[in-house]
Amino acid sequence: MAASLITLMILSVVVYFISKVNWKLGTIVNFLVGLSSMFYVLSLEAGSSEKIVLFGQKLYLEWTDVSFYFSMVSLMVIVAVKFFSIRWLETQRYRAAFNMFVLMMTAGSLGVFMAADLITLYIFWEIAVLSSLLVVPMEREEAKRAAVVYAIISAVGTYAFLYGAFLIYQRYGTFRISTVVQSMVDDTSTGFKLAVFLLLSLAGIAKSGIFPLHTWIRKTYALSPDAFSSILSGQLSKLGNYIFTLVISVVPSLKVFSDLIVYSNVPLPNYLLITLGNISIVIGTLMAIKQDDMKMLMAFSSVANGGYILVGLGTMDPLGFEGGMFHIFNHAVASAVIFMAFAAVIYRTKTSKISEMGGLIHKMPITFLAYLFSIISLAGIPPMSGFISKWMIYQALVRKGMFITAFVAFFGSIGSFLYVFRPLAGIFLGQLPKRYREVREAPIVMLVPMVLLVLVSFFLGVWPFPVLQTIENIRMDLGIATSFKIVDQENWLIRGFAGSWNTVLVFSLFLTGFVVAYILYSLFPRARKVDLMVPHREEGTPLNVYTGGEFIYSPDLYHYNTNFYAGFERMYRNHPSWESITSAIGKLFHDIGEWFHRWFFASSASAYTFWVVATLLLIFWVRW
Amino acid sequence: MLKAMFNLVLAFFLVLSLEGIARKIVARVQRRIGPPWYQNFIDVFKALSKHPFSNGWIFDFGVIMALGGAIATAMLMPLGSLKWTPFPNTDNFFVIVYLFTVGALGMAMGMVGSGNPWASIGISRALTQMLGYELPFLVVMASVIFNYKTASIHQLVALQSEKWNLFVMPLGAIVAFISLIGMMGKKPFDIAIAPAEIASGPMVELSGKYLGLLQIMHDFSLFVEISLFVNVFLGGGNLGWFLVKFVVVWVLAVLISAVLPRFRIEQMLKFYWGVPLGLAFLNALFVLFGLTL
Chain A
1 MAASLITLMI LSVVVYFISK VNWKLGTIVN FLVGLSSMFY VLSLEAGSSE
51 KIVLFGQKLY LEWTDVSFYF SMVSLMVIVA VKFFSIRWLE TQRYRAAFNM
101 FVLMMTAGSL GVFMAADLIT LYIFWEIAVL SSLLVVPMER EEAKRAAVVY
151 AIISAVGTYA FLYGAFLIYQ RYGTFRISTV VQSMVDDTST GFKLAVFLLL
201 SLAGIAKSGI FPLHTWIRKT YALSPDAFSS ILSGQLSKLG NYIFTLVISV
251 VPSLKVFSDL IVYSNVPLPN YLLITLGNIS IVIGTLMAIK QDDMKMLMAF
301 SSVANGGYIL VGLGTMDPLG FEGGMFHIFN HAVASAVIFM AFAAVIYRTK
351 TSKISEMGGL IHKMPITFLA YLFSIISLAG IPPMSGFISK WMIYQALVRK
401 GMFITAFVAF FGSIGSFLYV FRPLAGIFLG QLPKRYREVR EAPIVMLVPM
451 VLLVLVSFFL GVWPFPVLQT IENIRMDLGI ATSFKIVDQE NWLIRGFAGS
501 WNTVLVFSLF LTGFVVAYIL YSLFPRARKV DLMVPHREEG TPLNVYTGGE
551 FIYSPDLYHY NTNFYAGFER MYRNHPSWES ITSAIGKLFH DIGEWFHRWF
601 FASSASAYTF WVVATLLLIF WVRW
Chain B
1 MLKAMFNLVL AFFLVLSLEG IARKIVARVQ RRIGPPWYQN FIDVFKALSK
51 HPFSNGWIFD FGVIMALGGA IATAMLMPLG SLKWTPFPNT DNFFVIVYLF
101 TVGALGMAMG MVGSGNPWAS IGISRALTQM LGYELPFLVV MASVIFNYKT
151 ASIHQLVALQ SEKWNLFVMP LGAIVAFISL IGMMGKKPFD IAIAPAEIAS
201 GPMVELSGKY LGLLQIMHDF SLFVEISLFV NVFLGGGNLG WFLVKFVVVW
251 VLAVLISAVL PRFRIEQMLK FYWGVPLGLA FLNALFVLFG LTL
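So the protein sequences, as listed, match chains A and B. Positions 1 to 624 (my numbering) are the ones given, in order, by the first sequence. Positions 1 to 293 (my numbering) are the ones given, in order, by the second sequence.
These are computed hints drawn from the structure, not numbers from a lab. Be aware that a few hints might be false.
[Stated by the list, open to error] Quick list of in silico lysine-lysine cross-link-like pairs, DSSO-like style, CA-CA up to 30 Å: (1) A/Lys529 x A/Lys434; (2) B/Lys187 x A/Lys485; (3) B/Lys186 x B/Lys46; (4) B/Lys46 x B/Lys187; (5) B/Lys24 x B/Lys46; (6) A/Lys485 x B/Lys83; (7) A/Lys363 x A/Lys255; (8) A/Lys434 x A/Lys144; (9) B/Lys50 x A/Lys529; (10) B/Lys149 x B/Lys50; (11) B/Lys83 x B/Lys24; (12) B/Lys46 x A/Lys529; (13) B/Lys163 x B/Lys50; (14) B/Lys83 x B/Lys149; (15) A/Lys255 x B/Lys149.
With these hints in hand, go ahead and build the complete structure from the sequences.
Put into structure tokens, the structure is as follows:
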């Protein structure tokens with residue numbers, strides 16, 4: 001395993017030089033490397049472990065079912081995006097660097113999932129974060145600031161993590177996760193365990209954009225290179241979810257905090273995380289509904305979905321755990337496809353504002369379908385796989401009697417219909433503005449990864465058992481309510497605590513419904529297709545749609561996509577904003593810095609000399 | 001499969017006749033005579049037989065998806081007992097509710113695909129309204145499922161054989177009924193359609209068979225919504241009993257809507273997130289402490 005990680009790191013430099021010579025070849029090599037690491041991951045056997053000695057420090061790597069699951073999810077997204085960029089990268093300035101950093105980030109992420117001690121985890125974590133950080137400001141000038149915010153908030157998370165790791169080392173004398181788990185269970189000091197739990201999970205909170213540290217998500221996802229947003233949302237945020245899995249489930253929070261159970265067999269620290277997840281769901285949903293920039297909209301959606309995953313995992317319920325784990329997969333695939341579809345739209349139209357688009361369905365039908373099926377999955381509607389994980393999380397919440405959390409989850413789910421419909425209506429449906437009359441479908445290289453990922457999600461919505469079985473095995477290994485079986489593959493059933501359902505049956509009903517509807521549709525007289533703009537194509541008058549007697553000469557004006565939910569948005573226009581609070585704190589630090597700057601770095605040479613002399617005198621006087 | 005087909009046939013004839021009867025009732029409330037009870041059959045078949053206009057493939061696809069989703073959900077619906085449950089393994093509440101949204105999404109997509117802003121406004125209102133009525137309803141349903149430890153509809157029906165859920169948790173039943181009126185889009189919650197304001201909203205571009213098919217879809221949706229309420233709150237019984245309860249709920253909803261004006265969209269949200277949601281949580285609290293009647 002160590003050899004493979006080092007190979008990937010070296011290959012990233014090789015890919016850089018190949019891309020310098022021929023960027024297309026470099027990208028293809030990059031894709032092939034990703035693909036082969038996928039096969040490598042498939043060939044690894046669970047339970048194998050390795051030790052590296054680096055500067056006298058022992059680093060441990062171990063391959064478990066959890067690492068396998070997270071690595072597969074990550075690699076799927078990464079490989080898809082790498083294929084996507086074979087064509088998309090032509091819009092970029094720093095192609096070679098993009099390829100190098102993406103590969104480096106892949107190595108870092110895999111290292112995080114392989115790490116068996118906290119320091120190794122930290123090292124690879126930083127590799128992944130830093131290399132992704134350097135990609136963020138590549139395309140847009142404004143993204144530089146976003147990258148700084150990303151760096152700072154990531155640093156908050158990682159340093160908290162490191163501090164927690166050192167606390168653990170000080171007390172137990174080891175970084176090994178398996179040993180730490182044992183010591184934590186035996187430890188009697190609740191305060192210490194609580195502190196470590198919160199410090200470690202802060203890294204996950206920062207990375208997956210959970211409430212107090214979610215402010216970087218909007219700008220970073222929106223302004224980073226378009227295809228890279230897929231990786232940010234679909235893969236990198238899953239590093240945060242990995243940390244949650246680690247601190248909540250691998251370190252068995254039920255056993256460790258057995259004296260801190262607050263409600264319905266959920267310990268206090270988990271409850272804290274669930275509360276944060278709830279707040280993220282509400283904030284993410286409400287903010288996503290009112291965004292005009294489609295990438296910002298999906299960024300807030302990622303915040304909300306991060307909340308879902310956290311809520312599911314935090315319950316420590318068999319259904320909640322499997323639902324949360326499966327939601328990681330579903331969100332990864334769906335958001336990756338959505339961001340890729342957006343990248344394809346931006347590739348053609350050069351804008352990311354919903355209000356500047358419309359009617360692109362007639363020009364980019366396959367991109368539209370990829371987007372459509374992904375939002376069906378994201379909003380949790382059968383027969384796509386997104387529904388299954390949501391169903392499990394609901395079951396867990398109802399089973400626990402956590403009504404407020406359930407309410408928030410319902411709110412997020414129905415709210416997600418609202419926000420995912422906005423790009424659908426604003427970008428793809430409605431009137432096509434005149435300036436996009438020449439727009440064509442995205443190139444085939446960009447369509448292939450989207451379509452493949454959609455097919456995977458679709459297949460798993462009908463037959464989810466391969467992934468669910470993997471997750472169930474993980475759950476059995478971690479010993480979470482081992483007597484409770486969810487997957488019943490013989491009868492094609494998924495069993496919750498309250499009733500079961502048959503995924504294949506639901507899909508066949510769906511199909512039957514469609515077939516019946518289609519038969520009915522074709523039984524009756526054929527429709528005459530009218531163009532929205534005919535007969536006054538030259539003027540572009542929408543004569544074939546109802547205008548209430550008005551003559552409208554611009555199709556752009558006859559397209560409803562700004563302030564889509566005006567009635568609802570009005571209700572929370574003057575909401576309190578966490579972002580303004582954090583920016584106020586930022587302003588405070590900036591002002592302090594300015595003050596220091598004015599005093600100590602004045603532009604006159606005499607003042608500068610004065611401070612130098614004063615400092616030297618001070619040093620002599622104290623005799624340091 | 002036969003039972004599922006029966007569901008469809010029943011839904012079609014029952015709800016279309018009931019809609020005709022509803023027109024009659026409303027007319028009588030307003031001191032008019034009103035159309036005959038079979039008027040809606042005439043309307044649907046007339047619409048289906050006319051030559052329509054289509055606004056592009058997404059418009060057609062949306063209509064088919066809407067009808068398909070509604071048909072799929074209607075096929076899944078138990079009718080008051082295990083004997084009339086088409087798929088006992090899969091009649092899970094959450095599955096039904098989410099399968100139901102397929103139709104809604106199809107309709108939304110097709111209608112916005114017509115390129116008419118009135119349709120978009122109607123859809124934006126409909127989705128906002130969904131946020132209004134679904135939340136109290138789902139909270140009530142969560143407490144029902146928590147109480148009976150099952151989300152399977154036919155099991156919920158069986159568990160009420162002694163005492164209807166209406167009497168076990170009256171608060172929950174009231175909230176669910178208020179949500180039901182919103183789901184059905186009856187006044188005062190017909191904000192999405194609002195003929196006088198936004199030219200019938202989503203339906204503005206429909207002609208001929210599109211209108212007819214969406215009317216059928218609407219019937220199936222009504223069937224699912226009311227059946228869900230009857231199953232969960234009004235106990236079990238044989239098919240005849242089920243139909244009687246169905247008709248009573250329908251007539252009650254129609255009578256209430258006949259005398260009420262229309263809400264504005266934010267009034268609707270404030271209403272649903274006020275008293276009904278509060279009562280739903282109160283009901284959940286009662287269930288949690290075992291204080292059901």
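Okay, the hints, checked on the actual structure:
no., hint, verdict
1, A/Lys529 x A/Lys434, "holds, 21 Å"
2, B/Lys187 x A/Lys485, "violated, 46 Å"
3, B/Lys186 x B/Lys46, "holds, 24 Å"
4, B/Lys46 x B/Lys187, "holds, 26 Å"
5, B/Lys24 x B/Lys46, "holds, 20 Å"
6, A/Lys485 x B/Lys83, "holds, 28 Å"
7, A/Lys363 x A/Lys255, "violated, 56 Å"
8, A/Lys434 x A/Lys144, "violated, 34 Å"
9, B/Lys50 x A/Lys529, "holds, 14 Å"
10, B/Lys149 x B/Lys50, "violated, 50 Å"
11, B/Lys83 x B/Lys24, "violated, 33 Å"
12, B/Lys46 x A/Lys529, "holds, 20 Å"
13, B/Lys163 x B/Lys50, "violated, 50 Å"
14, B/Lys83 x B/Lys149, "holds, 21 Å"
15, A/Lys255 x B/Lys149, "holds, 26 Å"
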